[in-house]
Every structure is written in C-alpha cells, then in structure tokens.
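Trainee: Chain by chain, the residues:
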Amino acid sequence: MQATATTRPISRARLRPGAAIGRYSLRGVAFLYLGLFILIPVAAVLQAGFSNGLDDLRAALNSFGARNAIELTLVMAALTAVINGVFGTLLAYIFVRMPFPGRDLLSTIVDLPFAVPTLVAGVMLVALYGPNSTVGGWLADHGIHVIFARLGILLALLFVTLPLVVRAVQPVLLELDLAEEEAARVLGAGSWTTFRKIVLPALRPAITAGALLVFARSMGEFGAIVFVSGNIPNQTLTAPVLISQLLNPTNYGSSGGPAEAAAVSSLLFGFSFVVVLVTERLSSRSSGWFFS
Amino acid sequence: MTTVPARPSHPRSRERLIRGALIATALVYVLVLLVAPLAGIVYYALKAGLGEIGTTYNQPDIRHAFYLTGIIMIVTVIVTSVFGVIVALVLARDNFRGKALVSAFVDLPLAVSPVIVGLMAVLLFGRGGWFEPFFAAQGIQIVYALPSMILVTIFIAIPFVIREVVPVLEELGTEEEQAAWTLGASRWQTFRRVTLPNIRWGLLYGIALSAARSIGEVGAVLIVSGSLQGQTETATLYILRAFDQYQDQQGYIVALTLAAFSIVLLIGIETLKRRSTRRAR
Amino acid sequence: MKSILRAPDRGRWFKLVGAAASVPVLMFAAACGGTSSASSTSGPCKPSDSPVITLAAYSNPYDAYGKLTSTFTSDWKDSHNGQSVIFQMSFAGSTTQATNIVNGFPADVYASSLDPDVGLVQKAGLITHDWQNDQDGSIVASSVVGFMVRPGNPKHIENWNDLTQSGLQILTPDPAQSGGAKWNISAAYGAAMRGQVPGVAPNDPAAAEKLLEGIFKNVTVLDKSANDSFKNFESGNGDVAITYENQALAGIAAGSKDQFIIPPATIQIQTPTVVVDKNAEKHCVEPIANAFVKYLHTPDAQEVFQTIGYERPIDTAAAAKGGNGYPAVKDLFTADDIGGWDKLVSDTVFGPDGAFTQAFKAAKG
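Protein chains in written order, with numbering that gives the first Met the number 0: chain F, 0 to 291; chain P, 0 to 280; chain L, 0 to 364.
In short, the hints are calculated from the structure, not lab data. Only a predicted model underlies this, so the values are computations on that prediction, with no experimental measurement involved. One should not assume that every hint holds.
What the hints assert, rightly or not - One side of the interface only, derived from the structure: several residues of chain F facing chain L at Cβ under 10 Å:
no. : residue
1   : Ala126
2   : Ile146
3   : Val225
4   : Pro257
Said to hold, decoys possible - Only part of the chain F face toward chain P is listed, based on derived beta-carbon distances under 8 Å:
no. : residue
5   : Val28
6   : Pro40
7   : Val109
8   : Leu127
9   : Asp176
10  : Leu281
Yeah, the Cβ is synthetic: ideal placement off N, Cα and C, and Gly gets one too.
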C-alpha cells in the first residue's frame, strides 16, 4: 500500500496495473465466445446456402408453397407486432400509471410466456380451441376456425410475444419526467391529448423497438405453431416449418436437402439481422444499447 | 395573473370511466390470451388425480427425460452466465468500433428460428460437416447425441443474461469500482466484491430466463437429437412423443411440470428482488 | 523484472482461460458420458458386455417393436452366455429418419415404411448389401391403406371418389416427411389406374391426376408423420383420415369409436427393415443387428407383428384374403403392380410432372 502524501494525480494506468492486459483478455474471451457460438454457425448456414451461388435459393423458393410460406410468415409476424404493440403499450401504461388492486399479480402473469415452453403453449391452444372442446366447438359452429387456421397461428404468436413489448416500454415509462404531463394537464389538455402528444412520442422508440423484437421473434416461432397450424402450403405453412420440410429431400418437385434449407434460412437471417440492427438503434435507454 | 380554469369535475368521472375501461380491456386480453390456456394445462394435467402424477414421475423414460433436460439446463446456464457476464462487461464498459454490430449479434439468437439452429448443428457436426471429421476421428458423437443438444440450447440462450446485465452495468457506472481500485483492490477482487453484488438481480433474472428458455426448447432439439427414447429425449421431446403414443395424460403432466418449474423460478427471483429493494429503502 | 500482472491479476487471467477451456472440456465430458461404450470406439471391435443397437423406425410400430426387441433380447441372452443387448429406439416419420441417418444419426437398424426411403440411405453409401433381394425383399410387415371415419360413417365414404365430395375435411400426412403419405397417395393413384374407382377411367394418368386433385382440395392438415396425422384425427379434427389399417386398429383397440373403411382397391403397404451396414460395422454390432433383422422374418416375430402390431401377412394373396377379423380386400395391389417405386417417385406420381405433383399444385395453388 502506498503511503504517499503527495497530491500528484494518479494516472489510470497506475490505478489499474495490468489494465490493458485485462481489457484485451476480456475482449478476447468475449469475442471467442461469440465467434464460436454465433459467428461460426451463421457462417456455416450462409456457406451451405450459397455455395452454389443463388441456385439453391432459387430452387427452394420455387418449391411448392415456399414463397407463400415466407409471405405468410412475414404477414403474421407484422400483425402480431402491431396487435401486441398496442396491447403491450396499454399494459405497460397501466402498470406504471394506474395502480389498482392485483396490478402486481397481472404484471407477473404477463411475464409467464417467458416461462411456458412454446410447445406447451401450442398444446394448450389446441386443447382449448380444438373442435372437441366446448369453446372450439362453439366457435366452429359459428364459422370461426382456430386450429389449423391462421387464427390459431396468430393466437400462438400473440401468446408467445406479449411480454416483449411490455418489458421494452415499461422502463422508459418509468423514467419519463412527469413534469411535462402535469404541465399539459394544468393547461387543460385531457388525458387522451396528453397521452397522444406528450407520452406517445416519448415512447415511440421503445414501442418500435419492442414491436420489432416481436416481429423478429414471430418470424422464427416453431414450437407453438407446429401443433396449431395445419402446415398446408399456401394456406397455413410458415417459413420455419417450411425449412424443416426442406431438410428432407424430395419435396414436391424440388429436390430439397440441406442446401435449400440453408438458403431459405439465410434469407430469414437477413431479415432478422436487419430488424435486430434497427432495434438496437432505436433502443432509447440513454446509455443502453445505443452506440454511435 | 391569468386565472387557470379549474378542472371541471365532469371530465374527472369520465376519466375514471376510461381508466376502468382500459384496465378492463387489458385484463380481458390477458385473461383470454394467457390465463385460459394456462388454466387448461392445469385442468388436463390434474384431471386424472394426483396418484397419476406419482406414477408418471416414476416412469423411467420420463425420469431420464427430466434428467436430460436438467443437465442441458445446468450446462447452458453455467456457460451463458459466465460468458454472458464477460460479454456484458465488454459491451458496457469497453469502447471499440463496431460495438453496435457485436450487440446485434448478441441479439440474433432471439430472432433466429430454432429450426435453423438445428440446421446449423447438422451443417457443422453432421456427416460431411465442418467439424465432423475431427470429432469422428476421436470417436465422439456430436449430432444425434447430448453434445449437440447442449450446443443448440446454448446458442438459443446466449442473449438473456447479457441483455439483463448490460443495462444494470450501465446504470451503475464505474464510480464504486474506481473507488475500489483506488483502495488497492485487484480486478478480480473488485469484480467479486463490488461489481457482482451490484448486478446480482439482473444476473439472477437473466439466469432464470436462460434456464426457462433452455428447458422449453423443442424445435432445435427435435432436429439434432434423433429422439432416441429414454436416451436423447428431453422433457419437451417426450411431450411430443407422449401425444403421439396415446400417453396424453403423461404429456400434460410433464408439460405442467416444466411450466411450473419455470414459473416458480421467475416468480421467486422477482419476489426476492422486490423484497430486497424494499429492505434497502 | 516482475510480471506486470500482479498475482491476483494472474489468477484472474488463469480463471478466464480456464473458463474458456471449460467449454470444450464440458462438451467432451458430455459426449463421453452421453454416448454408450459401443458407439465411441473407432478401432477394432472388442466384445462388449452390453452391446447397444440403435433402431430408427417410422412413426407407428412402437408397440410391435417394443415387444420384438424385448423378446429378442431375452432369447439372445439365453443363447449367448448372458450377453445383454440394449435397444435404443427412435420413432419419427420414415423420410425424416432416412434424412437423419444420412446426416449422421447412428442407427444400426432402419425400420422404414417404404423402399425409396431405404434407397436414400443406400444412396448415401451407408447400406452396402443388396437388401431388395434379401429374404422377402426385406419386407417384415404389411398393412393396407384405408379410411378412418366417424362412427356410423356419416359422410358415406366407401371409395376413393367419395373423398372428393365438397366440404369434406381430410387428414393425411406430409409426403415430404412421412412414408405413410406416399403410400396413401399411391393407393389412390393405383386404384384409379386399375379402374377400380367409379367415374375414373382406367389407365388414364390425367384422370388419376384429377382424382388426386379432388382429394387434396379437401385436405386440411399435412402432419409430419402418419402417427401425428392419425392422432390428430382422433382428437376430433377432420371428417376422414387416410391411414394405415394397423394404426386404425390400434386406435380402435385403445378405445376409439371411429370406424375403418377399406375401399375395394387399395395398396398393400410393405414396410422394409434393413441393417445399416456402415453404422453396424462401426459400432461392432453387425452380427447382432443381422440376427435381429433375420428374427423379424420368423413366424414368432410375424405373429407379434400381426397381433400387437395389427399387421397383415407379408404374402400379398394371404393379406388380401383377410380372415381373423381382417376384412378381405377385393383388389389388393402392390407398388410393383403399378410400376414400382423408382418409377412412382421419379416419374409417374411424385416426379416433377407426376400425377400428385401436378394435382397438389392445382389443388393448393
């Protein structure tokens, strides 16, 4: 221990001997971990998908129902993002601004989809809305088909992604300075106007980030959907299930195989990565993920 | 001074009505979407009585499935938390070009379909795969065996700890750590005595999420495990098979067990956190 | 000069390296722990106390193989000085299993539900013997394709053309993943071509295609295996499931009130089981695997297939005759009768211009 009585400023390097080594070794380990576990697998898929140039992608997209599967996946993901974007924001707002008995319980319930395995969610939807159940039977009598129909896919996706928006918006809401809203109220603005003109703009980045995360997550969902959808090409076949089908050779006229599965996977990767990048930029926490 | 119009009482009660309506809407949404299916599992699982649950837990296939799920969960949690903290430290404290890219990579597993993850494992370790010759020469089976199941689960669970710890690290700032250094503590001591306790709730919550995600994984494991009954079948794969082979009741029971475990884990951490912050106030 | 790393920092450094190294160590340990002794040898075969045979089977014969493997194991123990053979079994769609084996799944025995799937494994070089000319052509069991309908057959499904009635909801598995699916489709095609379907001209590929189109217009679900498809139907979805007889009978035995209808003309489902030579050699279990497959052709095993497995005799004439509660089939034909699998898969039915490929596009396009 130094017992110096001088007031000479202690340089950072003196403060942390071996700091440089420490920093680089930390970075090295981090990069090694991410490289091994994420970069290499992604590279393997890209290589397998494009080793023949665009041929495999073209063949895969020409395989029956492929284009529609991708389209359906994107549409369902977008719908889920919008619906849960609205309800997620509503829930976050209620949790932060409107105390009521049972609020904590509701908050915990909203986190449940993180705990429930997606497969279990799918099983439950089938049991609840399948034609044998009271609910499902009643709905079917009125022409509403849930299981093996797009509605079922939507419900499964909504279930699985609900917490994402809530947890993206809630912290931002918590940090919002109430002064602006109070000022608005004092000046006579109603609650809705205050919300629309002051709160919402402040929340927009968080809501968008959350919705984008929902979108990306929905694009990849498999476990819940494989039970609930009928996997009919051009009707209820989604991209992840398509990929699992492409893995087998001889698929409806195209030859299938890992190369084609990899090609479509790479396409989805591209989408997901772009979405994730944009979400990063939008995350509004001041010293959060946002880097210049 | 200008007079500020007093707030009329009329809009106040209208406001309360709107508040009520909003809360009611949200409640209904959550009830229909989340609670009903969950209640359904509980109902179907407990329908045959508690005795059936005991018999189910005694079945060797099922015990092995739980055991396998447990092992995968433990290894995944260890790897993703140790390395997750390291990555979080780098992302929160370090500065280098392309940090946003790295950060996006960390988030990628959240957006990638588990089917693609299974495909990755097959491409890397299956016949003709990048690493297959090496492991085949050692006589080690990766795909269609436990190692690949662990690897795909790790991939899928990578983001959770990192995403929970980074914001905490950033909010904390480095003052306390700097103070520790000034007092002569080594990096490791600083980490252990200052950083770690400060991030513990974020870390624990991330671990809980990681654990819950790993026991629930099905798509990727379905592709890489080969579903060997009693051998490479996780609890989730067992559920799939149970419904295939007229063991619906067992399927529901195992499903409820998995859900209950994760729920208890998450709620437990949340409660502990709330209690500790309350005590701190 | 002392190291720039202070002692605690060195410790930290080592801990980091240790953590990084632990991953491959963990993997290695898991690999050794998770796999059996037999599969991790790459050198010359040493006799093992408990050799392990890995069986990859199609989705529905789990009861039959459960009994067959346990009987075989106890017989083997008696005749081989107490050597305990352990069977590890996996059940999934036949084509999925074939793909898995090609991708590295270490199956020693492959119980397929159709020849082309075995062909896939053979093409990858993993099967080296001439299985098609083995005993019984490697076929170990047979069944027939038929229709599972609701009690009382409310939609009056008797023949293939009844499946085209409007508003009907049909369940059949996905041909890309399930062998059973290909049997179903080939049955419809064959019946049409043989002139056994009212309203469909015989020997007319276009008419057969039309029939398939009509059927697939009504298909609402394509499950990933025959078993999945059947279970789906049993949970109340759909009006009719095109399925194997043995699966239907198992369901009825388990309490289902649904009925199984056999059309006048249908295909004999012939399921081959073969040893995957390369894998069996690598795992040093080739003699045992071969003995097991040979056992499957014995009268004892056949009886298990026919009682627990609800299958019919392998011989086509005997299968068509029925008896013992199995209805006779008026016209039971095999894949060979309608051109053979090679032709069916690459050309007439599943080829790029095949009846099914075109019909499916038209129905779902």
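Trainee: Which hint numbers does the structure go against, in order from smallest to largest?
Mentor: Result: hints 9, 10 break, sorted rising.
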